[in-house]
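*Asks:* With the hints as extra help, turn the sequences into a complete structure.
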Amino acid sequence: MSVTMLASTRNDPPPKVMATIKAAPTPAAEVVSLPPRRPGPAGAGRFKDTLKHLTATVLPPALTVLVLLVLWQIAMGGNTGGLPAPLTVWTESKQLILDPFFDNGGIDKGLFWHVSTSLQRVGIGFSLAAIVGVALGVLIGASVWAHRGLDPIFQVLRTVPPLAWLPISLAAFHQATPSALFVIFITSIWPIIINTAVGVRNIPSDYINVGKVLRLSPAEFFIKILLPAATPYIFTGLRIGIGMSWLAIVASEMLLGGVGVGFFIWDQYNASRISDIIVALTWVGLTGYVLDRAVALVGRLVSRGTAAS
Amino acid sequence: MTEKLISRRAALTGTAAILAAAKAALPSGAFAQGKGPETSKARLGFIALTDASPLIIAKERGFFTKHGMPDVEVLKQASWGATRDNLVLGSGGGGIDGAHILSPMPYQFTAGVQSGGKPLPMNILARLNLNGQAISVGNDLKNVKVGLNSAGAKAKFAQLKAANNPAKVAMTFRGGTHDLWMRYWLAAGGINPDTDVSTIVIPPPQMVANIKAGTQDAFCVGEPWNGQLVNQKIGYTACLTSEIWMNHPEKALGMRADWVAKYPRAAQAITRAVMEAAMWCDKAANKAAMCSIVSGRQYVNVPIADILPRLQGTVNYGDGRTLSNSGHVMKFWADNASFPFKSHDTWFVNEDMRWGVLPASTNRAALVAKVNRADIWRAAAKDLGVAAPASDSRGVEKFFDGKVFDPANPAAWLAAQPIKRMA
Chain V
0 MSVTMLASTR
10 NDPPPKVMAT
20 IKAAPTPAAE
30 VVSLPPRRPG
40 PAGAGRFKDT
50 LKHLTATVLP
60 PALTVLVLLV
70 LWQIAMGGNT
80 GGLPAPLTVW
90 TESKQLILDP
100 FFDNGGIDKG
110 LFWHVSTSLQ
120 RVGIGFSLAA
130 IVGVALGVLI
140 GASVWAHRGL
150 DPIFQVLRTV
160 PPLAWLPISL
170 AAFHQATPSA
180 LFVIFITSIW
190 PIIINTAVGV
200 RNIPSDYINV
210 GKVLRLSPAE
220 FFIKILLPAA
230 TPYIFTGLRI
240 GIGMSWLAIV
250 ASEMLLGGVG
260 VGFFIWDQYN
270 ASRISDIIVA
280 LTWVGLTGYV
290 LDRAVALVGR
300 LVSRGTAAS
Chain R
0 MTEKLISRRA
10 ALTGTAAILA
20 AAKAALPSGA
30 FAQGKGPETS
40 KARLGFIALT
50 DASPLIIAKE
60 RGFFTKHGMP
70 DVEVLKQASW
80 GATRDNLVLG
90 SGGGGIDGAH
100 ILSPMPYQFT
110 AGVQSGGKPL
120 PMNILARLNL
130 NGQAISVGND
140 LKNVKVGLNS
150 AGAKAKFAQL
160 KAANNPAKVA
170 MTFRGGTHDL
180 WMRYWLAAGG
190 INPDTDVSTI
200 VIPPPQMVAN
210 IKAGTQDAFC
220 VGEPWNGQLV
230 NQKIGYTACL
240 TSEIWMNHPE
250 KALGMRADWV
260 AKYPRAAQAI
270 TRAVMEAAMW
280 CDKAANKAAM
290 CSIVSGRQYV
300 NVPIADILPR
310 LQGTVNYGDG
320 RTLSNSGHVM
330 KFWADNASFP
340 FKSHDTWFVN
350 EDMRWGVLPA
360 STNRAALVAK
370 VNRADIWRAA
380 AKDLGVAAPA
390 SDSRGVEKFF
400 DGKVFDPANP
410 AAWLAAQPIK
420 RMA
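Order-wise, the sequence lines are chains V and R.
If you use numbering that gives the first Met the number 0, the first sequence corresponds to residues 0 to 308, in order.
If you use numbering that gives the first Met the number 0, the second sequence corresponds to residues 0 to 422, in order.
Taking CB as the label site, the calculated pair distances span:
hint	chain 1	residue 1	chain 2	residue 2	range
1	V	Pro85	R	Ala287	28 to 38 Å
2	V	Pro177	R	Ala287	40 to 50 Å
3	V	Leu68	R	Lys261	49 to 59 Å
4	R	Lys402	V	Leu67	56 to 66 Å
5	R	Gly355	V	Ile73	49 to 59 Å
6	V	Gly257	R	Lys261	19 to 29 Å
7	V	Thr158	R	Ala407	48 to 58 Å
8	R	Ala304	V	Gly257	19 to 29 Å
9	R	Lys261	V	Ile222	52 to 62 Å
10	R	Ser360	V	Gly257	36 to 46 Å
11	R	Ser360	V	Leu162	30 to 40 Å
12	R	Gln158	V	Gly257	40 to 50 Å
13	V	Leu53	R	Gly91	53 to 63 Å
Some chain V residues well away from chain R (every beta-carbon gap over 12 Å; in silico):
hint	residue
14	Val69
15	Gly122
16	His146
17	Arg157
18	Asn201
19	Lys223
20	Gly287
21	Arg299
What the hints contain is simulated information worked out from the structure, not anything from laboratory work.
Cβ atoms here follow ideal geometry from the backbone N, Cα and C, with glycine treated the same way.
*Replies:* Encoded structure:
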């Protein structure tokens with residue numbers, strides 16, 4: 000808490016965040032806006048409160064989805080051969096929607112199995128990206144020379160699309176699985192590096208001075224000041240990164256084939272089953288949403304409320 | 000292991016013909032004495048196309064198991080490019096050992112063309128099918144009567160080129176069979192595929208959509224895409240590839256040469272299984288069962304109705320022409336469909352030289368001798384007790400435009416082609 004208290008009194012300029020990256024809120028603003036702990040009403044009152052909260056969070060998106068589906072149905076209803084309307088998706092992909100757990104052997108499986116296989120690949124690739132990305136981000140945030148040397152290279156490399164990384168990683172690894180994981184890794188690492196670096200560079204000078212006054216060793220400085228101060232930025236980077244890692248799944252599973260939602264989408268594309276692709280995309284979207292929430296939650300816990308939710 | 004022995008014994012005692020074959024093989028080979036394959040495993044790739052049926056059926060109907068290869072995996076590939084990449088990796092690198100492949104591809108890889116930088120020696124163990132592809136064009140070519148003769152399109156393509164927007168003609172892999180059929184058809188009508196149009200590589204499902212969007216003018220691909228274009232009324236079938244060259248070779252079973260060298264008996268076992276599957280696929284009584292297996296989500300992943308009619312020789316071109324019960328069908332076994340004729344491979348190598356995919360200095364005979372393993376097919380046929388063609392050459396081949404290919408003199412064929420790109 001001491002760190003955040005300091006933040007509210009500091010008078011540094013707000014950190015500059017790159018235009019391409021979702022701006023992490025400045026610690027100062029976040030502290031001011033921290034809501035006071037709600038007094039806990041007991042029994043029915045509390046239940047009513049939760050209900051109200053649920054209505055406020057679930058109803059708007061549900062209504063939006065409903066309206067969009069109706070509009071989509073009206074726009075595409077009479078159209079055959081083009082984008083299927085929601086009701087067409089329902090009739091064509093009923094089995095896929097209703098039973099995500101079927102397993103007819105081979106790659107003919109329910110979407111749950113496809114998504115969970117891909118999730119493992121994303122898990123490995125993204126974890127590596129998180130570790131390496133935070134380390135590199137701290138390095139280029141803390142050292143001016145590392146920044147000068149590496150930042151331009153990173154800015155160029157991060158624009159390379161996932162599919163273009165596939166032949167490059169294949170040529171480098173001569174192994175299918177590492178190549179596929181590398182594509183996920185390399186796609187998701189850039190926002191992590193860049194956000195971490197921005198976070199480290201924007202540690203308020205007050206904190207650094209406090210560190211000097213207390214004569215913290217470099218290790219103590221790293222753990223007690225640098226990491227907590229940069230945490231909100233790191234988690235913003237991680238959240239963008241986990242979204243990016245799903246972008247890479249189709250590219251990496253094009254090589255691996257077999258079970259996985261990325262290959263599933265490509266396979267349905269090859270078979271011209273647009274309805275199945277739409278169902279799969281819904282799964283990918285929802286999984287991505289859950290992952291994003293999970294990373295945000297971890298961020299909130301780790302940073303004690305300063306990371307964006 | 001016991002199971003394997005039993006199934007092998009069952010296979011050997013099953014029919015008198017096979018017994019006779021076993022006897023016939025006794026003096027020459029160790030096979031009939033029951034020496035099984037060196038490995039029971041292999042990873043084979045396939046692309047979701049009807050002509051992958053012999054591999055799929057060999058797996059699904061247990062022919063691999065019957066020949067002592069119960070652990071053969073048949074794995075779907077994303078594209079011909081992915082098939083190539085996984086072959087380069089090999090099963091040791093998480094890739095595949097062999098594949099359902101466009102017949103020219105093993106030659107390209109062995110020669111070090113399009114194989115990721117260095118040569119990848121491959122062998123062709125069997126042909127998988129004859130015929131069964133088509134060339135499709137947009138409806139706007141109907142009024143200039145583009146059909147088997149492509150000449151009608153010449154003026155329109157010239158117009159497009161003058162407008163700095165050359166016609167786009169799509170196929171599935173540079174130097175692959177579809178590329179060669181398309182180029183042959185265009186050149187026969189006086190259209191130079193290299194200068195009068197631009198040829199592009201496109202994934203099959205994109206082909207119909209691209210014609211619809213008007214960004215593409217013609218394509219050559221296997222079914223069901225040609226049929227789908229007709230059903231959606233946005234284009235029509237100009238010609239079937241079997242009209243260009245009746246009973247033309249198409250896909251092959253290609254394997255990495257190092258795998259074949261390491262496991263010669265397993266390579267022969269795979270060949271036997273695929274040959275038996277090809278026989279099974281070609282029986283009229285099995286067509287419906289084959290389609291229901293092959294059309295499954297795990298394999299080709301299309302409605303049965305999309306593949307069955309054209310397999311039975313029923314074709315609606317979409318411009319008024321129709322065929323029913325025609326000879327224009329995909330063949331898996333009939334007319335020596337499964338035998339990898341060296342004369343055909345010579346044509347593919349020659350034609351890839353014609354279009355600059357393989358260098359003009361390529362030694363055709365040496366390359367064909369290196370890749371084509373008709374000897375393995377012959378040994379497998381002996382084991383199965385089926386007849387093999389007398390010669391590795393099917394002889395002189397006739398094309399729809401009157402050109403004749405004499406495998407003994409491929410250079411004469413090249414000399415007779417007015418349109419070519421040779422360095």
